[in-house]
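Okay, here's what each chain looks like letter by letter:
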Amino acid sequence: MALYNRSSILNSMILDRSIMNARSVTRKLRYGLKKLGSQGIILFLVAIGIFLQGCGLVFDAVELVQPLARDEMSAICSRGQLRVGISVEPFRPFVFPAVFTDEGVRVTGLDVELIREVADALTTYCGGQKPIAPTLHLTRFRDLFIEMNEGHLDLFVSSIGGNVPGARPAGLWYSIPYFHNGGIGAMIQQPEVAERIRAQFQKQSGNPDTLAAIQAGLSGLTVAAQRGRTSHLYAEANFKNIRLLICDSLPAAVETKDPRIDVILSKHSILDYVTKHVWPDWHLLTRNDGTPLILTQEYYSIVTVEEHRRLQWFLNNLLYRLAESGRLEQMRRRWLEEDYAPTRRATTEGLPFEISKVPEHYDQGQCRFATGR
Amino acid sequence: MKSRVFLFISLSLVFFLAWSSIGWSQAPREEAETTAQHLATLLTVGRLIVERNQTLINDPRKGDKGFTPEVFEHEVVDEFIRQAHIDLKHLPSHLPSLAKELLLVLLQSSKEVVADVQFVINQRGIGYKNFIPATFGSQAARKFSNRSQVTIKQTTLNPRNLKNTPDAYEENLLKRLATQPASATSITEWIDNDTTLRAMTPIYYSQDCLACHGDPKGILDISGYPREGAQEGDLAGAISIQIPVKSR
Chain A
70 MALYNRSSIL NSMILDRSIM NARSVTRKLR YGLKKLGSQG IILFLVAIGI
120 FLQGCGLVFD AVELVQPLAR DEMSAICSRG QLRVGISVEP FRPFVFPAVF
170 TDEGVRVTGL DVELIREVAD ALTTYCGGQK PIAPTLHLTR FRDLFIEMNE
220 GHLDLFVSSI GGNVPGARPA GLWYSIPYFH NGGIGAMIQQ PEVAERIRAQ
270 FQKQSGNPDT LAAIQAGLSG LTVAAQRGRT SHLYAEANFK NIRLLICDSL
320 PAAVETKDPR IDVILSKHSI LDYVTKHVWP DWHLLTRNDG TPLILTQEYY
370 SIVTVEEHRR LQWFLNNLLY RLAESGRLEQ MRRRWLEEDY APTRRATTEG
420 LPFEISKVPE HYDQGQCRFA TGR
Chain B
888 MKSRVFLFIS LSLVFFLAWS SIGWSQAPRE EAETTAQHLA TLLTVGRLIV
938 ERNQTLINDP RKGDKGFTPE VFEHEVVDEF IRQAHIDLKH LPSHLPSLAK
988 ELLLVLLQSS KEVVADVQFV INQRGIGYKN FIPATFGSQA ARKFSNRSQV
1038 TIKQTTLNPR NLKNTPDAYE ENLLKRLATQ PASATSITEW IDNDTTLRAM
1088 TPIYYSQDCL ACHGDPKGIL DISGYPREGA QEGDLAGAIS IQIPVKSR
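Line order of the protein sequences matches chains A and B. Numbering follows the numbering used here, in which position 172 of the first sequence is assigned residue number 241; successive positions increment by one, without gaps. Numbering follows the numbering used here, in which position 44 of the second sequence is assigned residue number 931; successive positions increment by one, without gaps.
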């Protein structure tokens, strides 16, 4: 395995373990405090105040106990805000790049529409007197997981694959799918690459094996994937004879000229959109019958922390209802099939976000070779 | 004799009160009209600076554009000197106090809009960002109106943004302006028993506007709105200003 991967896996294991340890201590402490009751909690805090030096420790202890008083749903209701993480890297048509509108800076996309649905349902859940405002935190994709674990977010939605091995960090929970038609696809610029894949499928003579065809067809080529996304995990796990470029974002992969990239792997729905609307020089890789080549299926989920059971049931029940009523399908068609201008939709239905939270001078970053392959 | 003295004093008093009342009412009227004129010029200048920097703002190859609130302010101050002969950094003493106060509020509001949009315009790899004179003007006007008793609004007969829909007064004037030859002169009028000044400064389409608002009519422009099929010099809309005098 690559040194790069080893160190990142090791880091994530250490992080996961320390989070699990902290959670286990927290659970025991909460259980003990519940048994003590409110007077017991006060006595406990006074005792901590006496025995532990420094106000910071007492403050931390109060923060630790605070969830006893309010579960995550009542916290959202009393706050009047739903703190939602969303990836700052554009994943059109799920999240479009932020644009300026007559109403100020806005983001829009399928994921944003879903967030509105969740916020509306929460407004009803919370009694309907005060609307629950979704507060978007535009964060780099890799930081969403950290922000969530640090308690800065109630949930995040960013076309996150819920069923790809290695995509679920410990301590996080994934909802039932809100988008079933995901999958990893590929886009190319040079027709020769398509010819290589086509030749491999022809060799299989009616007994298709996509993985084998793509492994042989891409052998020796330069393949780009976005760091941490499911296409990266897929490439790491399934391709041995390629030069793998890890990019900070999809636009970074498209912009890279040296080395020349032969294939970019990403979510099929995103590639389908960008090859039609954003980068017409790139083309979807297809099967011999012209249908898009999907390397593996993937569905997208909403993510919360493991402990928030009430919120999780709320989300699952809501998504089930949205699927049942055809609303999710309607959203899919609106964003993936209709002809529209994202800027106009941003003006009419986009959501604002916290300017103070976004990375300064965000750019799409760059690409580098995965080392040690 | 006594009655004559009494009559003289009474007449003097009446004359003094009448004169002073004319003076009191005349001064705020002039002050308000001057203020409205300068505010319209300042918003127009802000729009012009955004238009001048449009290529830079929409450059997808460049990350940090360097179009900071400070750079914007500098360019606005220079252009305002050219157009209004007033240095916003050293406001002249003859300028009405209302104008002095509100020009600085509008300048600050405009800078805040440019500050808010920094993240959007500094995204590398993204071309059109919808930060254009119209969206800048809407936001700057709204921020300004939220923090003063004076209202500024961009309006037009066929607004893309429904919040810019003209009220009855504005609609009548816009219809009249549309039939008249282009003129940079503002139309000012006192309404509601002379307690509110309404000023309308027309905006006309320049060549740069026609990429989105010109021909072919009905075809969607880059932001997704149908083009209006406008020609250079056609009336695009107006900057509408309302200044209530008594409420000051």
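Everything labelled a hint here was simulated from the structure, so no lab data went into it. All of these numbers come straight from a predicted model, not from anything done at the bench. Among the hints, a few may not be true.
[What the hints assert, rightly or not] In the DSS-like style, the derived pairs of lysine-lysine whose C-alpha atoms are separated by at most 30 Å in a straight line are: (1) A:K309 to A:K326; (2) B:K952 to A:K345; (3) B:K976 to B:K998; (4) B:K949 to B:K987; (5) B:K949 to B:K998; (6) B:K1104 to B:K1062; (7) B:K949 to A:K345; (8) A:K272 to A:K309; (9) A:K326 to B:K998; (10) B:K998 to B:K987; (11) A:K345 to B:K976; (12) B:K1050 to B:K1062; (13) B:K998 to B:K952; (14) B:K987 to B:K976; (15) B:K1050 to A:K199; (16) A:K326 to B:K1104; (17) B:K987 to B:K1050; (18) B:K976 to B:K1062.
Check: Which numbered hints are broken by the structure, listed smallest first?
Finding: The structure breaks hints 4, 9, 11, 16, 18; every other hint is satisfied.
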